[in-house]
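Visitor: As a plain string of letters, each chain reads:
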Amino acid sequence: MPIQIIAPAPFLSAEEEEEEFQVEEDEGGVPLDLDNDGDTAMDGVAASKRKQGRQAAGIVTPGEIVTDDPQWMRGHGTYLSSPTADGESQSIVSSLAGTISKTNKLLSIRALRFRYVPEIGDLVVGRILEVQTKRWRVDIAAPHSAALLLSSINLPGGILRKRTSTDELQIRTFFSEGDLLVAEVQTLNSDGQASLHTRSLKYGKLRNGYFMTIDAGMVRRMKSHVLTMNTSNGGGEVDIYLGVNGYIYIAKHTTPLTEGGVESKSVSITRLEEEASEAIYSNVNEDISPETRAEIARIGCVLRALVKANVKIDEEMLNLGYEAALEEFLEGFDWGSDTEAGKRVVDLALAKRRMG
Amino acid sequence: MMTSLVVPGQPLGVATAYVPGTGVHIFNNQIIASLVGKVVTIPNASNTATTSSAPPTISVVKPVLTPEEESSSSTLLPDVSSTVLCRITRINARQATAAIFVVNDRIVGDEFQGVIRVQDVRLTEIDKVKIFTSFRPGDIVRARVISLGDQSNYYLSTASNELGVIMASSESGDSMYPINWREMKSVRTGAVEERKVAKPF
Amino acid sequence: MAAKAPDRRRNNPPSHGTNPPVFLSTSLPSSTIKPEQASRPPNEIRKIFLRTGLVSSVTGSSFLEIAPLKLSVSVLGPRPLPRTSTTPFAAQAILTTEVKFAPFASTVRRGYLRDSSERDLGSRLYQSLVGAIRRELYPKSRIEVVVTILDSEDEGDEVNTVYMEEGKAAFEPTFRDAGRAERALGVVLAGCITAASAALADAGIEMYDLVSGGVSTVLVDQFDGKGKGKEGDSEKRLYVRDPAIAPPEGKKPLATCVLGYMAARDEISELWILGKLGTKNGTAEMEELVDEAIAAARSSRGVLNEAAKERVQFIVDKAQSTTQTDDTEMTG
Amino acid sequence: MPPPTPLSPPELSYLFTSLSLTPPIRPDLRSASQFRPLIAECSFLPHCNGSSRICMTEAGECIVGIKAEVEKDATSKYATIIEREKWIEVSVEVAGGGASGPGSGVGVGGISGAGGASGRDEGDGGAAVWLKEGLLACGGDGWSILDRLVISKGWHWKLYIDVLLLTPTSHPSPLLLSTAVNMALDSTYLPKLTSPHDVDDIPAFSDDWAISVPLYEPTTFPRPPISLPVVAIGDNVFLDPSVAEVATAEVGLVVTLALSDADGSCDIVGVRGMEVGRAGGKEGDRKGINRKLLRKMVTTCVNEASEVIKTLGETTHKQMFRA
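So the sequence lines, in the order shown, correspond to chains C, D, R and L.
With the first letter of the first sequence counted as 1, position 182 gets the number 182 in the UniProt record's numbering; the numbers rise by one all the way through.
With the first letter of the second sequence counted as 1, position 120 gets the number 120 in the UniProt record's numbering; the numbers rise by one all the way through.
With the first letter of the third sequence counted as 1, position 5 gets the number 5 in the UniProt record's numbering; the numbers rise by one all the way through.
With the first letter of the fourth sequence counted as 1, position 184 gets the number 184 in the UniProt record's numbering; the numbers rise by one all the way through.
Everything labelled a hint here was simulated from the structure, so no lab data went into it.
Beta carbons are placed, not taken as given, at the ideal position from N, Cα and C, and that holds for glycine.
Misleading hints may appear alongside valid ones.
Partial pick of chain C residues on the chain D-facing surface, computed with a CB cut under 10 Å [stated by the list, open to error]: (1) L169; (2) Q170; (3) R172.
Just a sample of chain D residues kept apart from chain R, beta carbon distances all over 10 Å, derived [said to hold, decoys possible]: (4) T16; (5) H25; (6) S34; (7) K38; (8) K62; (9) S81; (10) R106; (11) E111; (12) R142; (13) Q151; (14) D174; (15) R188.
Computed list of chain C residues with no C-beta within reach of chain L, every gap over 12 Å [unchecked claim]: (16) Q4; (17) T61; (18) Q193; (19) D347.
Only chain C is shown next, with the shape it has when bound in the complex:
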């Protein structure tokens, strides 16, 4: 079957199936069912959510009264209704379409879909939009493009080197339009525009791999957003840069080499000078074996399947998904011809997580 044509169906996702909507046309608003969420299947997903102090109670829309119980404090995505004449207490009203989440007594609404809003310290993957005299404009899927200053990158020859006017003239040799990079959000200006930096060997130009995008909200914030996975089928180690902004880069694992060719994980600041050679801005890929390429593609498919099933991505989920994909499908399996393939992998991965 070369093509699959699917009839349109209402969108129901793995996670949301466990959070059945409770549509109540009650004047008093959607009741906050705080003690029991009506979901008797206390499975791993719901449990893990509870651990994180969040709880979903259906979807609210802008203008919908969330609660008029004065014990709650209003958080993001809500506002207080104007006081009524009879002096009743103000209600908390949603200003977003999304799910209710509560942290202690704080009520906030998490939007169902949203653009990435940069925060200081976020690891992001970005693409150069424009080269300017002393800086680059970088697409990071945020409302504003981010800025990367020439002074915020590692210059070839080392971090301690003085920036010269020659570097300005050669700005295009570091990054030019279309180039991908991994960076950290260094500062935010008043209108939310991010300024990035790549002044660490962890950051910089991306090569040896494949780029994909997912919805920004689908990547869980983690301790580290650069994962190294030991793949099967002779794929070797693969690096996954899970940008908080939903941009993802999957590449063959590379270890920064010191002068002597000795692998070194922790590079002292003084040695950075030699480390940051011209090679960090190279546009030439290393040799990547077909096995590695196949595993990179497989990881990409796992990520897509997870996102499609509305399962948030973190290291655990990705590893489980990859394991599930290996178990479910033998080598050479044609994902493209089986639209259920992704769903089966996700179901298997979720089952694995429930079992711990």
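Since the structure of chain C is provided, determine the placement of chains D, R and L on it from the hints.
Guide: Okay, now just chains D, R and L, sitting in the frame of chain C:
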């Protein structure tokens, strides 16, 4: 002579027998012409007596009738380290904008826009340079391309003795002659104006 | 060197007017040139008249005539990119192509604004040329190819009218030649490709190969389709290179193929097939048609090579001749 | 014109190598001739004679509405081909796109080749020209869709095919458009004529939709055409290329095919060059299609086409009868 003309796509010989020059490219291990013109082979004079190691350079050159014709139908683009002649069109404190009309002694069909940034005017004492005392709109300047720059500008430099203003008019509109490397004098009034003057040949 | 700001918005004509080109080789007065005769064998293309270097204010130019088609091509550039903030940095030359029928070029008057078929021809021409130009040699610049069609054979004539008989229902199946417009445009496009290659060569823009255009049409006997003998009709197929707009007597066109062909590399840079080609024998029917179009393109390549060399040859000869003459008709 | 954000050189080189391998590794692990799944529905716009909505994961969404209006023939005695071809009007509009009034179009999968147009007239009707070309070329012996539009003496249906694209890229896949138009045409019904055909009075129609006539009879051939994009990278040929694959590809074609008889064999009704990124290759690499590659590319399309058309047709009819 009829046979010496080639057209794009025409094979000129195996790639190993020649060093590719201008107007040719390599396809399927063959040197292929990319221009209409004459084939020119220049033997590479090796510094040693045994010349066998250096195959000749092969190029295709489009002959031109007159320099005028060449200038009107030029495919010339400025490149890094090209020497250009340009006319200053605008100045501000940071840079002078110029229209490039000669590249490597050849007139270009369309003028290219370049900028001379304040730090590229002079080789030494860069901090003291002021654009207003170096260039004026209308000056003809010899400069060197230092970068292809951004989408609209080529970056130019006059930071060398032989680079700078070569022709200028005074404020009153008279032509001026250079009196030293930083001043020019009006022919008629004798008034002296400041410029970054190119060393006359 | 006057400080005149160049007008970058439009392509300017020469400032001093032009002399109409006089082609010495045309010995016949124009009135005696007959339109296409039907006697041309199907595997022969019409005679092509192609000259380069006629417009002095542009980098390269050419003029092509395949009776009755007349068109001129101007190549401008490489020239600076327009100075707008939205123009991105271009590591290689940006090619733009524009095909415009003069308002008087066809039976039915055309407007001054480009219509969709002209825009479509422009993008076909772009496809044909873009791969052949060594664009990476010309960073930060654009190369413009402007084609003006001065005269063309077109579909607006009486022959092409469907006569709806008085008193008879219009939906009676009437023979209509649906591919007619495409055949006409195909011949124009092939001419544009060949002429544009000549103009690019004249401009001295480096190319991997010259691209020549070729057209072919496959026809069957008009009353063939009535029976069911579909399998056997391959014998009756007639392939015509560089087809005239009116099909031969009693024949019905099935499909037309137009292509841009790089003969030295044996590569098709642009392919445009329209019509009906069966697939009972795989792609054999299509391949046969394509091969015919390639053969047509090969034939025009010969003319293209000569035209591309002509002006350079003139310069070479002139440089060699010790006797200086005032002969300037070929200077551009 | 390059896509708005070009891919980086390492990305292109990675894709180029992966896709030139034997067997190739496509980023979504599809096999070379596998299409991406489509979500499709038809006859969902009550004000239209025919409509469809197609959704592709990466390429976006496409809504087609077909409306037929009764129109008097331009001249009573003569109708030139040009006049008759005006009976069908195709317009393609990109939602949220810059210049997109009615009649303006969009460069679809490089069909129109936005690069060919100089900056001052963007948004050419390339896609509309291409879609209409396929429809008109898709005729049998003496049969054309135009004949189906004749109502009676002096009167015809004017068919407006309006395509609305919701797409994240400026170069959506030709497959998206072509499948949507195919489905919409296949679900188009015209009211049944109740007045005699041979009188040039204003025609009268039955208002009973149950006896309306399909524009394309399900049992007669040819069926509405479909256009399959195909690109080549190295020795490999890929159907339904993704945006990144188009950017990497060396050459591309859009092959338009129509089912010609009940056995499921197809006719080629059109082939067009497709603008691709040519970004994977280097100097001296392939610049065009040689004959061997052409055969491979078109054969791949021909082999898959009847299956695709049949699947699409079945989906349409299933949904028609459900409604």
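Visitor: Against each hint, give a clear statement of whether it holds in the structure.
Guide: Hint-by-hint comparison with the structure:
1. Given the 10 Å rule on beta carbons, the hint for L169 of chain C holds: about 4 Å separates it from the nearest Cβ of chain D.
2. Here the hint on Q170 of chain C is kept, as its CB sits about 7 Å from the closest CB of chain D, short of 10 Å.
3. Because the beta carbon of R172 of chain C sits about 8 Å from the nearest beta carbon in chain D, less than 10 Å, this interface hint is met.
4. The claim that T16 of chain D lies off the interface holds: its Cβ sits roughly 20 Å from the closest Cβ of chain R, which is beyond the 10 Å cut-off.
5. Listed as outside the interface, H25 of chain D is inconsistent with that label: its C-beta sits roughly 7 Å from the nearest C-beta of chain R, within the 10 Å cut-off.
6. Against the 10 Å criterion, S34 of chain D falls within the reach of chain R, whose nearest CB is about 4 Å from its own CB.
7. Separation of K38 of chain D from chain R is inadequate, the least Cβ-Cβ distance of about 7 Å not exceeding the 10 Å criterion.
8. Annotated as non-interface, K62 of chain D brings its C-beta within 10 Å of a C-beta of chain R; the closest such distance is 5 Å.
9. Under the 10 Å C-beta cut-off, the non-interface status given to S81 of chain D relative to chain R holds; the minimum distance is some 15 Å.
10. For R106 of chain D, the shortest C-beta to C-beta distance to chain R comes to about 12 Å, beyond the 10 Å cut-off, and the non-interface label holds.
11. Against chain R, the non-interface label of E111 of chain D is violated: not every CB pair exceeds 10 Å, the least being about 6 Å.
12. Interface exclusion of R142 of chain D from chain R stands, the closest Cβ pair being 14 Å apart, more than 10 Å.
13. Interface exclusion of Q151 of chain D from chain R breaks down, the closest Cβ pair being 4 Å apart, not more than 10 Å.
14. At the 10 Å boundary, the C-beta of D174 of chain D stays outside the reach of chain R, the nearest C-beta of that chain being 16 Å off.
15. Residue placement check: R188 of chain D keeps its beta carbon more than 10 Å from all beta carbons of chain R (closest about 21 Å).
16. Not every beta carbon of chain L lies more than 12 Å from that of Q4 of chain C, the smallest distance being close to 4 Å; the non-interface claim is violated.
17. With 12 Å as the threshold on Cβ separation, the claim that T61 of chain C sits away from chain L holds: the shortest Cβ distance comes to roughly 22 Å.
18. For Q193 of chain C, the condition that its CB be more than 12 Å from all CB atoms of chain L holds, with the nearest at approximately 18 Å.
19. The claim that D347 of chain C lies off the interface holds: its Cβ sits roughly 18 Å from the closest Cβ of chain L, which is beyond the 12 Å cut-off.
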